[in-house]
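Generate the whole structure from the sequences, applying the supplied hints.
Just so you know, the sequences run in chain order A and B. Each residue of the first sequence is one higher than the one before, starting from 1 at the first, in the working numbering. Each residue of the second sequence is one higher than the one before, starting from 129 at the first, in the working numbering.
It should be emphasised that the hints constitute simulated quantities derived from the structure, not laboratory data. One or more of the hints may lead you astray.
[To be verified] For lysine to aspartate or glutamate, the following EDC-like pairs were computed, each having C-alpha atoms within a straight-line distance of at most 20 Å:
1) K171/B / E82/A
2) K142/B / E59/A
3) K6/A / D147/B
4) K7/A / E267/B
5) K135/B / D176/B
6) K293/B / D247/B
7) K207/B / E170/B
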Amino acid sequence: MTKLEKKIIRKVYTHETKKTTTELLGRILTIGFVLATVLYIGSLLIRVLDEQGTLEVFEIFHEDADVVRTYFFEVVGILYQEIPKHIAASLILAVVALLFLIVLFIKSVHRISQKLRALRKYWFSSAR
Amino acid sequence: MASADDKAVIQAIKNGEIDRFEVLVKKYTKIIQSYINSKLFEKADVDDLVQNSFLSFYKAIDRFDEDRPVLPYLYEIAKNEMRMYFRSYKTALQLDETIQVEHVEQDWGEEEDVVRLLDSLSEEQKKALQLVYEGYSYEDIARRLKKPLNTIRTIIRRARLALIKKIKP
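See the structure below:
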């Protein structure tokens, strides 16, 4: 490889290192932020349900399967009536956003890992 | 049509195998180098332009249709790089010559005169010119002033033209 070719490759790798690092950090931070939001809204919802005593309806699941089957829809109905709608809607939105981001991340994992492998090979090999 | 080799290489690069870019660099560097070399008087800048052309190609590779041939696209990028180079080089050359001539023929070299001339420029132009004379490259100036490279080129060109007009009305 000539000196000029080496210079070109170095420029490309420098550019790609910055790009991949930014992309990876951006994705991780976004997923982390949305995950934290999901946890926060989830804990808020559970606290509200706990204060209302709504969670007690789940004690039915300690009973026999027949009892559970009989009262299942009643439990769902009570839960639907007592759940704070706006918090539940926010939680669903946040979970959907989180799943969407995770799917996008999984789809690009192969490409990013290939890039990371190439970058590691370049920066840590003596050939450059 | 792109050759089967190039197509496979570009697909691999798009899939993250960036080390395959070396294949394209080895294959086309000499061609692009001699193309730029044939158009440029300043041979010292040929290598820079070749490097910039390949970097621009790499940056655009995600959008590049792998069915298209690579070489004409690279020529096009090299042409654009040269166009930008000529644009900045031409203005820089004019300014240097003018200032030198003025220095010899007129005794306007008082610091106050220079300050007065610079004061006639906008803050943005002053800052950009100052950075040029401190030895920063256009790319560095663009980064420091947080503006696109082409905007910086325009700001500096206009500042220089304004100065030339003032010196030589």
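Hint check results:
no.: 1; hint: K171/B / E82/A; in the structure: violated (78 Å)
no.: 2; hint: K142/B / E59/A; in the structure: violated (54 Å)
no.: 3; hint: K6/A / D147/B; in the structure: holds (12 Å)
no.: 4; hint: K7/A / E267/B; in the structure: holds (18 Å)
no.: 5; hint: K135/B / D176/B; in the structure: violated (27 Å)
no.: 6; hint: K293/B / D247/B; in the structure: holds (14 Å)
no.: 7; hint: K207/B / E170/B; in the structure: holds (16 Å)
Hints 1, 2 and 5 from the earlier list are contradicted by this structure; the remaining hints agree with it.
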